[in-house]
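Participant: Protein sequence lines correspond, in order, to chains A and B.
Per this note's numbering: the first sequence = residues 1 to 319.
Per this note's numbering: the second sequence = residues 1001 to 1578.
Among the hints, a few may not be true.
Below 25 Å or equal to it, Euclidean Cα-Cα: the simulated SDA-like pairs (lysine to any residue) are [claimed, not checked]: (1) Lys1092(B) <-> Ala119(A); (2) Lys167(A) <-> Asn1108(B); (3) Lys167(A) <-> Glu1117(B); (4) Lys225(A) <-> Ala119(A); (5) Lys1261(B) <-> Pro1320(B); (6) Lys1137(B) <-> Trp309(A).
Hints in this document: simulated from the structure, not taken from any laboratory.
Residues per chain are reported as follows:
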Amino acid sequence: MNMLLDFIITAIPLGMTFLFGCVGEILTEKAGHLNLGIPGIMCVGGTCGCVALKMLRNSGLPWPLIVVLAILAAFVGGMLMGLIYSFLTVTLRANQNVTGLAMTTFGVGVTKFVMSPMAEGGGMSYLYALKYFRYPFQGRTDALKYCGIMVFLGIIIALVAAFVLSKTRSGLYLRAVGENPATADAVGINVTGYKYRATLIGSGVAALGGLFYIMDYAGSYEAYKSIEAMGWLSVALVIFTLWKPALSILGSFLFGLLYIAGSRIPTLLGIQLDMSATPLLQMLPYLVTIVVLIVVSVRKKREHQPPAWLGLPYFREDR
Amino acid sequence: MNKPIALELKQITKRFGTKVVANKQVDLTVYRGEILAILGENGCGKTTLMNIIAGIYYPDSGSVFVGGKEVVIRSPKDAFAQGIGMIHQHFKLVDVFTAAENIVLGVNDGHKYNIKEVNKRVSEIADKYGFRIDPKKKIYEMSVSEKQTVEILKVLYRGADILILDEPSAVLTPQETEKLFDVLRRMRRDGKSILIITHKLHEVMAISDRVAVLRKGEHIATVETAQTSPAQLTEMMVGKKIEMDIYRPMPENVRDRLVIKNLSLTSAEGIKMLDDVTFTAKAGEILGIAGIAGSGQKELLESIAGLHHLQSGSITYYNPKKDKPITFYHKSFERVMELAGQGMLRYADGRAFTGKDENGKPLSKKTICAQVEAGEILFVEDEVINLREKTPLQIRELGVRLSFVPEDRLGMGLVGNMDIVDNMMLRSYRRGASVFVDRKKPGDLARTIVHDLEVVTPGTHIPVRRLSGGNVQKLLVGREIAAAPTVLMAAYPVRGLDINSSYTIYNLLTEQKQKGVSVIFVGEDLDVLVGLCDRIMVICGGRITGVLDGRNTTKEEIGLLMTKTQTEQKEGTESENA
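Input sequences plus hints: build the corresponding full structure.
Facilitator: Printed below as a string of structure tokens:
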């Protein structure tokens, strides 16, 4: 019974990694921009946060401030990536898919370059802050220890994003930009401004996922290597949750369950599975996403479709 | 007329490029509490003028006065600030939003955003003017008329006093139009000024207080509706006849090529696009189709080309094959046997071909194929082919050489990102059995067309979208003619072309006519139609309102038929019967 509880609780913080990436990507996609750079942005976020922590190690600042500064560093790192992406796709109208994939390649590369020497440096670097990030459960030995500060932060960000999108004027305008930029432009909404803001904030939020994964869930020097895989799952989660930030809280929990189901369920049932079967079982989240995609496109409900102008550049002169 | 002036335009001029003058020193006065109709043919500059008022275009010269004060309107936002709102023909709405969300979009009135309040205010405005609308309904669930209501409410919500409607009835049923007119009358009573662009004369007579007539960018006159008649308005609209010096030989060897009977087509939205259309296109003549834009010309041509599912009617094609050998080119063995069964085939020496030898024994497939290949089997009469419910590919496989120059050049005619040679291949790619494409022949064709039609291009390997509209049009017409058609359908083939290029196209069409092709020409300039066509068919609201002799008709006659309403048509037939 204890193992089952452990399994369920572990899924919450694991899903949180997806949640950050997913909420960030939803904000970007609502502005009509498909940002496939999310995995790269999450990597860069993790890197920036870790570099900040390493620098702050002997600063003597109170620990809550160190955590806040690390989170800020990750956020700014993500925003810088978002700025490159939006300059290319909004201002220069480059192809969004190609740009996004390039951003991922770039972000993963930068992370390997910066993180591998830091990881080899061992104890001298950033993992000292693990206990701060896992507050208030830092002392626990069960799965609850992962449910640190950033888990609550993630849920709050998702709820705020949901509120902004559905209940505020800015949210309405942002959705209009993603659905029909020509209409938005005609009524005097600053289309370019909204696109930049959404992409920058979205990238910043996604970047937090990378930091969370290293500094809370994984808590190891090797963690930076698996952020990219987490990033792709976040993008899949956007589709799974039908572009709804509030729903993505539940979705991320489910993805978390599915992701570790491969290693946990056989143990729970007392079955011995060959190690090579685990990657197969880790495909479950993707399979579920495909099923959702099929169900949604068969039902054709308009509210469940992606923003109508997703992936398309907007030229005012095209009218 | 003692009403205060709401809007005044003085000496407005707007040019596009150096040559095209869309508006030339136009003066216009709009009073408060009146409905002013803006009347004119396609391309007379009425939409441009309204776009200037609404802030979409900025005039080259002239001034705009609102409520007696001179104003500068540079954007739709400026126009709203002056209380001017325009309802465009193409709706600008977000489909997944509700009516209220669309209406409040872009309104920063200082109020806190609260969708419930917006819903309430929208309902209030709707009730005031007699609209029936649910503010919580999503746009994609709405009918066209409801969407239009949302557009009008969008303008009213922003507090507009001057409303411009661009052909509001074009997408509505007569009942919906009547409802809209009731609303407009209520707004007039409320002191609002309404400008309505239309070319439907009966609507002008029904709704407007005054009519401003535009022709070729100039303001001809503004008259009181009560003191004018449709005939007078038509004359003002079309003007005096201009002599067009287009070469028009008398048609020779005229015979039926395409017989269309009782064609009816309903659009996906349930609007009748074609209503009981019957006519004959003849080989060796140019049949002109005149009509207000969107009266069903496009649908008619597309129906013939096999792009629509028809509700009723027949399209019969007479293939000019009499005394000519049958070939296997695009025809199957089964088709040969079918024709033989109908007694349509004979041997060169006069014996009937039935697929059997003298003793009544069926010939083998091999023998028949050999005879066909050798050209020994001829047609007795012109081949009759039913084109209804056939796809474009099937039509081609039946050996019908139908060429179609669509209105939407880069959408339906050519692929913008492909070069000239590849675009030529779009029509001939089925020839040849090799897996590899043969670019030589299309390349030669491309060079011939570029040379003969004086297409201005840096080469034949340039993406078509980078050429100007006129050159794109020449390529398309050139390609379609190169396919040696027996029927050539051209929708607005000279749209956007300068005078010289236009004449090149006219002469090409006439050349085809002399070769015995049946040419169907959809035009918008009545002078050209009267100067080029042998017969002119007038279409109005999907119905054929008359077929006229191109040599003995006037623009006024065509103009009246173009705006004839259904009720008038009925009255007309009744009086003819009596």
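Participant: Does the structure break any of the earlier hints, and which numbers would those be?
Facilitator: Number 1 - this is the single hint that the structure violates.
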